[in-house]
Structures are given as structure tokens and as C-alpha cells.
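Asker: Letter by letter, the sequence shown follows residues 1284 to 1471 of my numbering.
Rather than coming from a laboratory, the hints here were simulated on the basis of the structure. The structure presented is a predicted model; accordingly, all values stated were derived computationally and were not measured. What you were told as hints is all true, and nothing was included just to trick you.
Computed cross-link-like contacts, DSS-like style, restricted to lysine-lysine with a CA-CA straight-line distance of at most 25 Å:
1. Lys1321 x Lys1398
2. Lys1468 x Lys1449
3. Lys1286 x Lys1449
4. Lys1321 x Lys1368
5. Lys1398 x Lys1468
6. Lys1470 x Lys1321
7. Lys1334 x Lys1392
8. Lys1314 x Lys1468
9. Lys1367 x Lys1381
10. Lys1470 x Lys1286
11. Lys1403 x Lys1354
12. Lys1334 x Lys1368
13. Lys1403 x Lys1381
14. Lys1354 x Lys1367
15. Lys1470 x Lys1392
16. Lys1470 x Lys1403
17. Lys1303 x Lys1334
18. Lys1321 x Lys1403
19. Lys1449 x Lys1470
20. Lys1392 x Lys1381
21. Lys1286 x Lys1384
22. Lys1392 x Lys1403
23. Lys1381 x Lys1368
24. Lys1392 x Lys1469
25. Lys1368 x Lys1468
26. Lys1381 x Lys1334
27. Lys1321 x Lys1367
28. Lys1403 x Lys1368
29. Lys1403 x Lys1367
30. Lys1449 x Lys1398
31. Lys1468 x Lys1367
32. Lys1398 x Lys1376
33. Lys1468 x Lys1321
34. Lys1449 x Lys1392
35. Lys1384 x Lys1368
36. Lys1403 x Lys1468
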Amino acid sequence: MAKLIALMHVSFDGFAATDKGEMGWITHDQKIFEHVSKYISQTGTGIYGPKTFQMMEGYWPDVLNDAKSGKTEIEHARWYQGAKKVVCSRTLKTLENKEAKLISENLEKEITQLKQQSEKDLMVFGSPRLTQSLARLDLFDEYIVNVNPILLGGGVRMFEDLPRTKLDLVSATSFSSGVVGFHYKKKV
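Go ahead and model the full structure; you've got the sequences and the hints to work with.
Answerer: Below, the structure written as C-alpha cells:
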């Protein structure tokens, strides 16, 4: 069975976005991008909330045609182009990208089926509210969290009102920017 992995950037005080959904405070340099890319390249499906998917669709398709794009960006854009895409939303009825799958109900059943049917792992990109919903359903197998050296003092939390879940630390990587990347697996 494929694993479900969460990938998130958070502030030191545990927020994934400001109250207005702003994420400009995230430190995302080449070293961090290379670090997360090694995890992303092992997955075959990207799972998104509607806002994150809209941001991805508005950025990654154009990277392949931009002469200023770097090697790691081009690799990710190619991954994005070839990956299966799933959007989880209770409010959307259709998606402009007809190749993307929309899940609007039965989240637990749908994600469990995707895990059972997928040859490669699945990754939830950002999408803190979706991450909370999937964590409450105990569907995550791993968490990749980049903790940024900033206190936001409020906003949208990555983790809130979750069941107790024990984790094993797989790795911790510190970057010169002050970001620390943690990789945890759910303890079995």
C-alpha cells in the first residue's frame, strides 16, 4: 500500500499561514527546495486543498517555458506535469484541469482507496485544513515539516485538535537560513 505523506512549511510557533492565508514569510531557498524535492520525486500523486491547487496551477505549468527557471524548478515542473493530481474540497463542484480528480465527499474512503491503488506514494502539499482533516482520520504515514525561524503569533495551524499520535524521527536537517527540516514516520 502506498504511503500518505504531509509536506508543510510552518512557523516556529506552528502556523502554516497567516489568518489571511499569506505565506510570504516562508524561507524557501535552493537548498531547501533540493531537500524537499528528494521526497517529492518518490511520489506519484499530489493532493491539494483548493487554494493550494490554484496556486500550483498558476505557477508550475509556466516554469517549463521560462528561460530563467533553474534545474530543480524544471525537475519539479516536470514532476508536477506528470503527477496525478487530487483536489479535496467540499465547496468546489468542478475543476478547470480536467485531468485532476476532485474529492468532495467520503474523504476517508477516497484517500484510503488511493493509497491501496497507487504504486507510488501520495503527498499532501501544504493545505493545512486538509492536513488537519486527514490527520484526524489517522491517514498519514509520514510528515515532512520545515520549521521556519519566525513567530507569526497567529494564523492557520498545521496541527489542531488531533488525536495523540506517536512518531519516530527519521531525520532532521538544518539549513543556513535557520530552517530545520524534520521527517517523521508514524510509530507502528
